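Student: Spelled out, the chains give:
2 protein chains.
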Amino acid sequence: MAAYRLQKRCDEEAVFVVEGPKMAAEAIASGLAIRAVCATAEWLSAHADGMVAEETFEVSPAELERLSNFKTPNQVWMLLERKVGSEKWEMRSGLTLALDKIQDPGNMGTMLRTADWFGVRHVVCSRDTVSCYNPKVVQASMGAVFRTKVDYVDLPEWLSACGMPVYGASLQGKPIAAQNTGIAREVVLLIGNESRGISKEAMAQVTDPVLIPNVGGTAESLNASVAAGILMNYLLWNNYNIKKEEQR
Amino acid sequence: MAAYRLQKRCDEEAVFVVEGPKMAAEAIASGLAIRAVCATAEWLSAHADGMVAEETFEVSPAELERLSNFKTPNQVWMLLERKVGSEKWEMRSGLTLALDKIQDPGNMGTMLRTADWFGVRHVVCSRDTVSCYNPKVVQASMGAVFRTKVDYVDLPEWLSACGMPVYGASLQGKPIAAQNTGIAREVVLLIGNESRGISKEAMAQVTDPVLIPNVGGTAESLNASVAAGILMNYLLWNNYNIKKEEQR
Chain Z
184 MAAYRLQKRC DEEAVFVVEG PKMAAEAIAS GLAIRAVCAT AEWLSAHADG MVAEETFEVS
244 PAELERLSNF KTPNQVWMLL ERKVGSEKWE MRSGLTLALD KIQDPGNMGT MLRTADWFGV
304 RHVVCSRDTV SCYNPKVVQA SMGAVFRTKV DYVDLPEWLS ACGMPVYGAS LQGKPIAAQN
364 TGIAREVVLL IGNESRGISK EAMAQVTDPV LIPNVGGTAE SLNASVAAGI LMNYLLWNNY
424 NIKKEEQR
Chain C
184 MAAYRLQKRC DEEAVFVVEG PKMAAEAIAS GLAIRAVCAT AEWLSAHADG MVAEETFEVS
244 PAELERLSNF KTPNQVWMLL ERKVGSEKWE MRSGLTLALD KIQDPGNMGT MLRTADWFGV
304 RHVVCSRDTV SCYNPKVVQA SMGAVFRTKV DYVDLPEWLS ACGMPVYGAS LQGKPIAAQN
364 TGIAREVVLL IGNESRGISK EAMAQVTDPV LIPNVGGTAE SLNASVAAGI LMNYLLWNNY
424 NIKKEEQR
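Protein sequences appear in the order of chains Z and C. When you number the first sequence by my numbering, it's gap-free, plus one each residue, and the end is 431. When you number the second sequence by my numbering, it's gap-free, plus one each residue, and the end is 431.
Since the hints were made in silico from the structure, they are not lab data. Remember, predicted model here, so these are calculated numbers, not experimental data. Mixed in with the good hints, there may be bad ones.
Just so you know, same-sequence chains aren't split out, so a pair can sit in one copy or run between any two.
To be verified - Capping the alpha-carbon separation at 30 Å, the derived lysine-lysine pairs in DSS-like fashion look like this:
no., residue 1, residue 2
1, Lys383, Lys205
2, Lys357, Lys266
3, Lys191, Lys332
4, Lys319, Lys357
5, Lys205, Lys254
6, Lys266, Lys332
7, Lys191, Lys357
8, Lys357, Lys205
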C-alpha cells in the first residue's frame with residue numbers, strides 16, 4: 184500500500200488517498216468505491232458496520248506511519264476510486280471558479296473548501312494546476328473535494344468558449360466597490376498562480392480584471408486563497424440577496 | 184547555529200530566523216539587528232555591501248540544509264533580533280485584528296499578510312496563539328511580520344478594555360450584508376481557533392457576532408485565514424470609501 188504514496192501510481196490507477204477519521208467519514212458518506220482501508224483495531228471496530236471496502240487491513244501505529252503522507256498519522260488510511268465523469272452535478276450557484284497554474288496544495292484545498300462554503304459546484308483548472316487528488320489538497324479541502332466537480336482543461340480555450348463574463352484577480356484590475364450591482368448571476372472567477380498571477384493566455388480571456396483595494400497597506404499581494412475567498416464573497420452577494428428576496 | 188531550530192532557544196534570546204532571498208531582503212530593509220547570516224558564496228557576494236551583520240558565515244548547500252526549517256533551503260539563513268516594545272507604530276487603519284488561540288502557523292502568517300495588505304498595523308493575540316516568530320509564520324507572512332505590531336495579551340481582558348466595537352466571526356453570528364453602513368471606523372475583528380472557534384471568555388466581549396453568508400453551500404466552515412480576509416475586506420470598505428472621498 185505504501186506504493187500509493189506516489190502520486191504517479193495513484194494517477195495511473197485513478198485512485199486517491201484520504202487519512203484520519205474526519206476525512207474517512209466524509210469518504211464513506213460520499214459513496215465513492217473504497218479500494219482499501221488500513222486502520223487501527225480501534226477505528227475498525229467502531230466503523231466496520233457502516234462501510235463496504237474491497238480490502239480491509241488492521242495495522243499498527245508504526246505501519247500506519249510508514250503509509251502516511253503526514254507527520255502525525257491518525258487511525259485510518261483509505262484508498263478511494265476517483266469520481267467518474269458521467270455523474271450529474273447540481274449547480275447551486277452561478278459562479279464557476281477557474282484556477283490558472285495553482286501550485287500550492289494548501290491553497291488549492293483551501294479554495295475548494297471556500298467554493299464548497301459558497302455553494303460553488305464547479306471548478307475548472309489549467310492542466311498544470313496541482314491535482315485535486317494530492318493528499319494535501321484533499322486534507323485542506325476538508326471534504327470539499329467529495330462535493331465539487333473539478334475539471335482539468337485547456338483553460339484559455341475553456342474561458343473563450345464558456346460564454347460568461349470572466350472576472351480575473353489582477354493587481355492591474357479595477358478596484359471592487361462596496362456596491363456590486365450589475366454583476367451577472369452566471370460568472371467565472373479566475374485566480375492565477377501564487378507568484379506569477381494569471382498567465383498571458385488566460386488573461387486575454389478576462390472581461391473584468393478586478394483588484395481588492397488595499398486601503399493604506401504595504402504588502403505586495405494577498406495569498407491566492409484569501410483573494411479567491413474575498414472575490415467569491417463579493418461576486419456572490421447579489422445571488423445571496425436575490426435568494427433572500429425569493430424566500431420572502 | 185542549528186540550535187536555533189528550537190523555538191525555545193529563539194524565545195530565550197529574543198531572536199528569530201528567516202530564510203530565502205526574498206525574506207532576507209525584507210529583513211535587511213526592516214532595519215532589525217542581524218545577529219548572524221549563513222549563506223552560499225553566491226548570495227554573500229551579491230549582498231555583502233548592503234548588509235550589517237554581527238557574524239557572517241559562508242556555508243555549503245549541505246550545511247544550509249542542516250540549519251533549515253524547510254525541505255528546500257534557499258541560499259540564505261538569517262538570525263534577527265526581535266522588535267522591542269518601545270517603537271512607535273503608525274496606525275494607518277481603524278481596524279485591529281484580534282486572534283484567539285490560532286494554532287496553525289500557515290494561517291497565522293497568512294492573516295498577518297492580509298492585515299498588511301489592508302493597512303492593519305496592530306494584531307493582538309491570546310497568549311496561547313502561535314508565535315509570530317515561528318519560522319513558518321514568518322515565511323507565510325511574506326514579510327508582514329516586519330511591518331506589523333503583534334502583541335500577546337490576556338485577550339478577554341484586552342477586549343473588555345479596548346473601548347471599540349468587537350466584531351467576532353461566529354457560525355451563530357448575524358450574516359454580513361452587502362451594505363456595510365453603520366460600521367465605526369475604529370473596530371476590532373476577532374478570529375477564533377481553527378477547530379473550536381472563539382473561546383467562551385473572548386466571546387463574552389464580542390459586541391457584534393458576524394457570519395459570512397454561505398448561499399447554498401455545504402461546507403461546515405471556512406478556513407480561519409479566508410474568513411479573516413473576507414471580514415477585513417468587509418469592515419474596511421467604509422474606510423476605503425471615506426478615504427476616496429477625502430482624496431477628491
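Student: Give a verdict on every hint.
Tutor: Verification of the supplied hints:
1. Lys383 <-> Lys205: For Lys383 and Lys205, only the inter-copy Cα distance (24 Å) is at most 30 Å; the intra-copy one is 40 Å.
2. Lys357 <-> Lys266: Classified as neither: same-chain Cα gap 38 Å, cross-chain 36 Å, threshold 30 Å.
3. Lys191 <-> Lys332: within (21 Å within a copy, 45 Å between copies)
4. Lys319 <-> Lys357: Answer is neither; intra-copy 34 Å and inter-copy 33 Å both fail.
5. Lys205 <-> Lys254: both (17 Å within a copy, 28 Å between copies)
6. Lys266 <-> Lys332: within (9 Å within a copy, 47 Å between copies)
7. Lys191 <-> Lys357: neither (41 Å within a copy, 46 Å between copies)
8. Lys357 <-> Lys205: between (41 Å within a copy, 28 Å between copies)
Going through the hint list in order, the structure does not satisfy hints 2, 4, 7.
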